[in-house]
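One line per chain: the protein sequences are A and D, in this order. Position one of the first sequence corresponds to residue 179 (our numbering), numbered consecutively onward. Position one of the second sequence corresponds to residue 1166 (our numbering), numbered consecutively onward.
Read the hints as simulated data drawn from the structure, not as lab findings. Note that beta-carbon positions come from the ideal geometry of N, C-alpha and C, so glycine has one too. Treat each hint with caution, since some may be false.
Unchecked claim - In silico EDC-like cross-links for lysine to aspartate or glutamate, where the CA-CA straight-line distance does not exceed 20 angstroms: (1) D:Lys1303 - D:Glu1274; (2) D:Lys1459 - A:Glu350; (3) D:Lys1354 - D:Glu1274; (4) D:Lys1459 - A:Glu318; (5) D:Lys1435 - A:Glu318; (6) D:Lys1221 - D:Glu1263; (7) D:Lys1341 - D:Glu1322; (8) D:Lys1389 - D:Glu1237.
What the hints assert, rightly or not - Between beta-carbon pairs, the in silico distance windows are: (9) A:Glu293 - D:Gln1395: 22 to 32 angstroms; (10) A:Glu350 - D:Asp1297: 58 to 68 angstroms; (11) D:Val1812 - A:Asp280: 33 to 43 angstroms; (12) D:Val1469 - A:Glu350: 29 to 39 angstroms.
Stated by the list, open to error - To spell it out: a stretch of chain D is covered by chain A in this simulated footprint if at least three of its residues, at any positions, have a beta carbon under 8 angstroms from a beta carbon of chain A; those stretches are: (13) 1223-1237; (14) 1257-1267; (15) 1356-1363; (16) 1410-1417; (17) 1545-1558.
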Amino acid sequence: MSIDPRLLELLELIRTSEAQNKPVKPDKLALELGCSLDDLGKLLESALKEGLVERIANMWRLTDRGRIEVQSHRERYIHEKYGHRPGFLGQVTRFIEGSVQDWRGHWHRRHGLDENSLTGFYRNIQDLEGRVEETSSLVELHPGERGIVAFALGGYGLVRRLADMGLIPGTEVTVVRNAPFRGPVEVAVRGVSLALGYGVASKVFVKRHRGTE
Amino acid sequence: MEAKRRITVALAGNANVGKSVIFNQLTGLDQVIGNWPGKTVERAEGTLHYHGYTFKVLDLPGTYSLSAFSIEEIVARDYIAIERPNVIVNIVDASALERNLYFTIQLLELEAPMVMALNQVDFAAKKGIRVDGEKLSKVLGIPVVATVAITGTGINELLSTIVKVLEGKTKLTPLKISYGKEIEDRVEKLELTIRKKLPGLSAKYPARWIAVKLLERDEDIIRKVEGYQQGLEISALASTIAEEIERIHGEPSPIVIASERYSIASGMAKDVAHIEAPPRLHLEERLDSITAHKVLGYPILALVMATMFATIFIAGNILVGALETLFEDLLIPATLYLLSTVLPPSLVDLVSKGFLSGIAAGVTIALPYIVPFYIILSILEDSGYLPRVAFLLDNPMHKIGLHGKASICLLLGYGCNVPACTGCRIMETQRERLLGGFVTVLIPCTARTVVILGLVGRYIGIPAALGLYAFDLFLIFTLGRIGFKTLPGEPVGLIMEMPPYKMPSMKAVARKTWARTRDFVYIAFPLIIAGSVVLEALAVTGLIWAIADLMSPLIVGWLGLPSIAGIPIIFGILRKELTLILLADLAGTLNFNQVLTPVQMVVFSLVTMIYVPCIATIAALVREFKWKKALAISIIDILLALLVGGVTFRLLSRILG
């Protein structure tokens, strides 16, 4: 079941290039992964062996299986951050939920997401630019950190309200401060300060700005 | 001379952009203003005469959008679309142009005649932003007037611009909002079909607007469309088109449309606003970072609250002392002397006991605590501190199923439960509003503060009074938690704008305090005087003892109060301070030490604090939540007061021997 994390990283990168309709260039992949071209070759070989990627006309592409792996990896990752519950209790819940098989049903039953929001969510994680690890929820950002809104995961009402306040995909947000004990997060967006309750903020996913860590 | 014309002008815009300030400037009324989003929950109306016109001015509740998300949004857009005011004044905060233009775009889509007031240009300048009003006017095709509402700058120009628009001297060429090609083509197609097949609805709302709203999956409009013949067909078509848009853009179509609007707004804002200088907001930012600080914020909040109550108590006591002397030694004897020269002695007695002592008690017992309270509340409201409180208290509020904004209602409740109850409309759902209303009426308002401070605070000591407040908070928390677990539905999260700090203007504070005090005097004094007179009549006829006997098992047996205390408690439903005032009347003294023991004072204050909110609050509850729920809340409160009172009496008597 579990795949070598480096392999997963590779799949993520190929998926990104595909989403952007760009050719997959080995030298760029190697740079992003921070490895030599040789190591990359080995990695690609093993991916090929597992049937995760295919090579058509000298171009690397994900197979359907590869695509499913990427999607389920992204889904798990987002799930871990979603409604983020720190501490022991959160770990226990997450451990139990780790064995979820029917993800769509789980999102629906456990997190109350309707069919429409789910369709949007799956499209969002497919179109994600870059590796999913660069995405985090607003509650994980420290004061002063910036990010670009990737998507908000929630019911129609919540997502709509956020959109009206200007929090739509592609918008830059800066975390101004957060209150203690799972209190709200204050963010600056479009020249205005907004306070978002912890529950709300943990449903807004942003792509972190590089270099402002 | 042209005949007088009646004109309707509606003020529309985001929350907290200064609509109410402009409304007050235009009409000379005292619509309560404050630096927190959402205070205008009811639409206010006023009139103004200008150049032969009679303007009816309407202050619409502030909203960020015209979707069907909240009742306020539907109210605002239906008013604009259906009742068609002659002119809409879109009030825009120049310091947050992009977000405000997002709303302007939606107003333009409603195709209403519009003038823009570009407000808070002074504050924008402080943030280093200069907005080119002329350019904005050209882009939007509507007149734009720069204003600083709080000082009245630009108000005259705004009026003359409205008149020019009405007289056709200024032509409006409003910008037609067009979306990206994939959406635009589809909107136009849908618009044509709507025009053809739904002539009834397109006479009410602009056809293009209906088309856009359908694509936004706006529930209210879908319902309206489906109410017409061929409506189902249209809504099915719209839904198919929305799905197409979703496939192309990979987002739910309402979000796609919101994004498009924001990108138009953002382009405009970049075009007309220039960042000229770095912001000069060092003091405000420092204040912000201290008062909303994750550690320091809480002691500061405690300090602010403590200072508030201490000031009210100290100032109140000084005033009470001074006024008591004034009334008892000077005014009452003097009036009595004057009266006795013209009236027979029996009448003098009734006037003095019923009327005069009522006024005296109202002025000397209630006003001294209420006026300082209003002053402090106004300062807090205008400064922008309340949203910080909401930020800090969001988490504890979630424990009782509410979010941070509810803490603003609770704080307002310390002033008066009526606006606090109505203020619960800043909460998003009916469930939150009901829960908010339920806990808000348990907050001791100024009237109850008068009783707590005037009785327990004065005769037992401040720590005991503070203890009562603390106990009240505990009670609110417990009941709120029970209510939260009982009421069905999911809690809503906090999404709130944090307005910047502003120096409260002393003039505005004075005006607001005066307006609130005046309302208090108008509403409370007739009740106080009538209560006193009725009480005096009951005493004269001897009926009072019959009533007291009837209630004595409860009042004496269960609560351990003197039988005389039952009557003021009943009258307290009119106004809570009446309990104390009438107790003074009945006892014939303002020195409560002669009437009640310390334990009785505590029990009396507790019962007064908890049992049914006053008649005005019940009326507000009925208006907000209808009879059944208002009655349920009142009954719960009465039972709770009796329970707490009786238990406290037994506990305290045992402890103190």
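How the hints compare with the structure:
1. The straight-line distance between the Cα atoms of Lys1303 (chain D) and Glu1274 (chain D) is roughly 17 angstroms, inside the 20 angstroms bound, and the hint therefore holds.
2. As the CA atoms of Lys1459 (chain D) and Glu350 (chain A) are separated by approximately 24 angstroms, the hinted pair breaks the 20 angstroms bound.
3. Among the hinted pairs, Lys1354 (chain D) with Glu1274 (chain D) is consistent with the structure: their alpha-carbon atoms are about 17 angstroms apart, no more than 20 angstroms.
4. Simply put, Lys1459 (chain D) and Glu318 (chain A) have alpha-carbon atoms about 16 angstroms apart, close enough for the 20 angstroms limit, and the pair holds.
5. For the hint pairing Lys1435 (chain D) with Glu318 (chain A), the CA-to-CA distance comes to about 30 angstroms; that exceeds 20 angstroms, so the pair is violated.
6. Under the criterion of a C-alpha separation no larger than 20 angstroms, the hint pairing Lys1221 (chain D) with Glu1263 (chain D) is inconsistent with the structure, at around 30 angstroms.
7. Between Lys1341 (chain D) and Glu1322 (chain D) the alpha-carbon distance is near 26 angstroms, which puts this suggested pair outside the 20 angstroms criterion.
8. Taking the CA atoms of Lys1389 (chain D) and Glu1237 (chain D), the gap is about 18 angstroms. The hint holds against a cut of 20 angstroms.
9. Distance hint for Glu293 (chain A) and Gln1395 (chain D): a CB-CB separation of about 27 angstroms, consistent with the stated range 22 to 32 angstroms.
10. In this structure the supplied range 58 to 68 angstroms is violated for Glu350 (chain A) paired with Asp1297 (chain D), their Cβ-Cβ distance being about 24 angstroms.
11. A hinted range of 33 to 43 angstroms for the beta carbons of Val1812 (chain D) and Asp280 (chain A) is inconsistent with their spacing of about 52 angstroms.
12. In this structure the hint that Val1469 (chain D) and Glu350 (chain A) lie 29 to 39 angstroms apart at CB holds, the actual value being about 34 angstroms.
13. Interface restraint, the stretch 1223-1237 of chain D with chain A: holds (4 residues with C-beta to C-beta distance below 8 angstroms; minimum three).
14. Note: the stretch 1257-1267 of chain D has 6 residues with beta-carbon separation from chain A under 8 angstroms; the three-residue rule is met and the coverage holds.
15. Under the rule that three or more residues need a Cβ within less than 8 angstroms of chain A, the assignment of the stretch 1356-1363 of chain D is violated, with 0 such residues.
16. Only residues whose C-beta sits within less than 8 angstroms of a C-beta in chain A count toward coverage, and the stretch 1410-1417 of chain D has 4 of them, enough to reach three; the restraint holds.
17. Beta-carbon proximity to chain A at under 8 angstroms applies to 4 residues in the stretch 1545-1558 of chain D; the threshold of 3 is reached and the given coverage holds.
Hint violations for this structure: numbers 2, 5, 6, 7, 10, 11, 15, all remaining hints satisfied.
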